[in-house]
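S.K.: With chain A's structure known, arrange chain B on it following the hints.
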Amino acid sequence: MNKELSREERTDALGGMGCKRKRVEDARFTQGKGNYVDDIKLPGMLHGDFVRSPYAHARVVSINTDAAMALDGVIAVLTAADLAPLGLHWMPTLAGDKQMVLADGKVLFQGQEVAFVVAKDRYIAADAVELVEVEYEELPVLTDPFAALESDVVLREDLDPTADGAHGPRKHHNHIFTWEVGEKDATEQVLDEADVVAEEMVYYHRTHPCPLETCGCVASMDKVNGKLTLHGTFQAPHAIRTVVSLISGIEEHNIRVISPDIGGGFGNKVGAYPGYVCSVVASIVTGVPVKWVEDRMENLMTTAFARDYWMKGKISATKEGKITGLWCHTTADHGGFDACADPTKFPAGFMNICTGSYDIPTAYLAVDGVYTNKAPGGVSYRCSFRVTEAAYFIERMIEVLAIELNMDAAELRRINFIRKDQFPYQSALGWEYDSGDYHTAWDKALKAVDYDGLRAEQAQRVEDFKAGKTRKLMGIGLTHFTEIVGAGPVKNCDILGLGMFDSCEIRIHPTGSAIARLGTISQGQGHATTFAQILATEIGLPADSITIEEGDTDTAPYGLGTYGSRSTPVAGAATAMAGRKIRAKAQMIAAYLLEVHDDDVEFDVDRFVVKGAPEKFKTMKEIAFAAYNQAIPGIEPGLEAVSYYDPPNMTYPFGAYICVMDIDVDTGETDIRRFYALDDCGTRINPMIIEGQVHGGLTEALAVALGQEIAYDDMGNVKTGTLMDFFLPTAWEVPNYETDHTVTPSPHHPIGAKGVGESPHVGGVPCFSNAVNDAFRAFGLRHTHMPHDHWRIWKTANDLGLHG
Amino acid sequence: MSNKKVFKLTVNGEEQEFLAEPRELLIHTLRERLGKTGPHIGCETSHCGACTVTLNGKSVKSCTVFVAQADGAEITTIEGLGNPDNLHVLQESFKEHHGLQCGFCTPGMITRASKLLEENPNPTEQEVRFGMAGNICRCTGYQNIVKSILAAAAEMNAAKEAAE
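In the order they appear, the protein sequences are chains A and B. Residue numbering for the first sequence is 1 to 804, as defined by this note's numbering. Residue numbering for the second sequence is 1001 to 1164, as defined by this note's numbering.
Rather than coming from a laboratory, the hints here were simulated on the basis of the structure. Check the hints yourself; a few may be wrong.
Subject to a maximum C-alpha distance of 25 Å in a straight line, what follows is the list of computed DSS-like cross-link-like pairs (lysine-lysine) [what the hints assert, rightly or not]:
#1 K1008(B) with K41(A)
#2 K472(A) with K22(A)
#3 K41(A) with K1058(B)
#4 K33(A) with K1058(B)
#5 K1095(B) with K33(A)
#6 K1095(B) with K20(A)
#7 K184(A) with K322(A)
The following residues of chain B were derived to be distant from chain A, with all beta-carbon distances above 12 Å [as the list claims (entries may be wrong)]:
#8 K1008
#9 E1015
#10 D1071
#11 E1119
#12 I1145
#13 E1161
We put the beta carbon where it would ideally sit given N, CA and C, even for glycine.
Looking at chain A on its own, in the form it has when it is part of the complex:
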């Protein structure tokens, strides 16, 4: 007989929560055996490609497809006129608006889909796109949301200007909604009576998630069986199935949506795009599979921009620096259609988390959404709905207030943090923060970097600069962010009426291994690794014996997908709860086998033991077999469970970040000397994966803060449509990051986990930006807009007179 293992050895053998388990996904990815959408090749498959508008605003006078149709190998060219009889020339957006699938009389942004060519291969399709003749009549272009609200030019002629929109009254024909939270009059009174008020316009520029794999799909209509299979880059496969059913009329049981391996999402793959609709229609029409995969330029120009928020802020404080009120008015540029991916009741997402980590007694937020001649989207690029915007806003406002008060920005934060004993904390803008210990995290961070030492060095650098001894300035970027993730409670969170719960279904096999299926879908987060760890701890079977499967709507339970850091808070909770149902049944089986009462056995790592007699036990492996082998009175055979988890609240991860940056005043170049990131995501499931998420999120933050943008000229031309112009940092530009953590579990989550994937992005952007701004504080700079590319930094230095 084997030597009896200790409790600790048995725990380690499971590979459960808290261990740095290596990823099970990596074997196939490192050998080039991933299965991404563009790898899917079905018999007889055709290829689709779009004719797109070169203009940002124009009438479509005519479309002539004769020459394209005459090309050998072209099967069809679809236009809005072809889709109209099916009612598919427009489609509903996630934000309650509608969007043209193919141009219906006019175009509203450059790159808009005008016609869809279907051909035998992608080369013929591309040739045919060139042969489609479209006659346009140019219209005045509006790229500035403030000008759009003043303009006589009507962008959306399809909408009745006097009727309410999806989120209430519209004030102007280019206005979409007004969303107000908090107390307007009380906040304005606080501001009027305050010792000090700092005011600033903080613009968070338009950018794009730009995952390395673009969006695409393969639609395959089986006319014999009446079944539609849709493979695609979907962050929410079940929601896509429901949407496809609603707009196509195909019953949901006849639609199978499959998200295979996904090459990064970052929010880009949440929405439904015209390419999906056109591929489905083309497959229905032709009866063979149709593949559509956008190229990089199409991706950057058309599918899912992020941000584009003009945030006007006022923050008030006492002379001593105690914040008394916060006021924010945001003008949100939504482009030609409102296709923002937010829960229905939140047209500006969770922007009302903009009071941040601070105990601000009175606050008011208003957001006005505006149509312009830009691409639709407004997705949450590596953040929970609009949380990056909120965090950037408050962390810039704190810095501006520190300047106004002539105070150290670290100390200003410190005296305004929500205290540990205030949790659960009711914010002035309506959230209940679940848990936090901001002071501990902050002090740990400041100590780790020797904050006082850094400030002394910075002061010396300023002296040296003034004395002509150096041309480099030093910036210290500070950020303490609080995220709101894990959407969310069905009572206030839904998308298209679908409650934002999530799910897990577990089947234990007779020999003691298992498969668990979830409503989420990994895009690189390593779900197959970490969800198995949660289950290993919950059900006492080794993680290596548990397969995790996601992304096939025919097999996985219904869930709302992966974005907004919701997988761990929601599906992770469902996983733990389903595991507990397995355990509850296992307890009854164990009691039967051990011939004791149910209450007389208890769970111990990988087994049930008789209380007080640990030598009497049944392992979970034995119990699994018994579930299929024994006729147990009153207990059904088998060992399976399913859980649909509706979270009682959001989770609120937080963190303290510090960036030390040198800036060359003459070239505008930045050199990140040090970046310290402390994250508190509650209970940590796999520290290796958490660290990887933090590195990645910080690098995407560096990109956004230091150069990445979707820029337009006055004609509405996209100026950053390729990776030549759209900044993605390489290994050469990226520093090594120092990671650290504290652990403040979520009190309402079954395992105390809060989610982490997006924290480093939410906290990283203000931290990099604050470092740039801070470098020039001694020379009178209050605020300069992102992205801080070399040219803009050089210009800031020049405007401050630092070039002599």
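M.R.: Positioned in the frame of chain A, the structure of chain B alone reads:
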């Protein structure tokens, strides 16, 4: 089509002969004609490096090479670097050091790294960062990719020393 021509390639040691249009991009030849779907398409403008293969001993971005330019070439893709029973040191190292997340850049990244370590078997961290700057990763922030490559270099050098 009438303008198709016969081309020959040696891919991962296997000779291939086929008819194709000269304008066909090498990445499409590899992925769609020859079934080597390890290299991926991320940008089609030579920026991202997801399509990186080794062509006649050099790292090449196969999304901007016509098949006609590659006629007669020897090509190695990720599929030719190792196999399930005998992984390349870099494949092991990327797994060990969490050098990948979504996996989309990984084949190009590892293929490029294998060439880098041939060119410079003992690189510094800065040399790895510079030598890998043609390959973009959106997930990892590069820190663990650099770590994976440095660890693989150390392991390969130790194995070489032991063999000598």
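S.K.: So which of the earlier hints does this model not fit?
M.R.: Hint check: 2, 3 and 12 fail, others pass.
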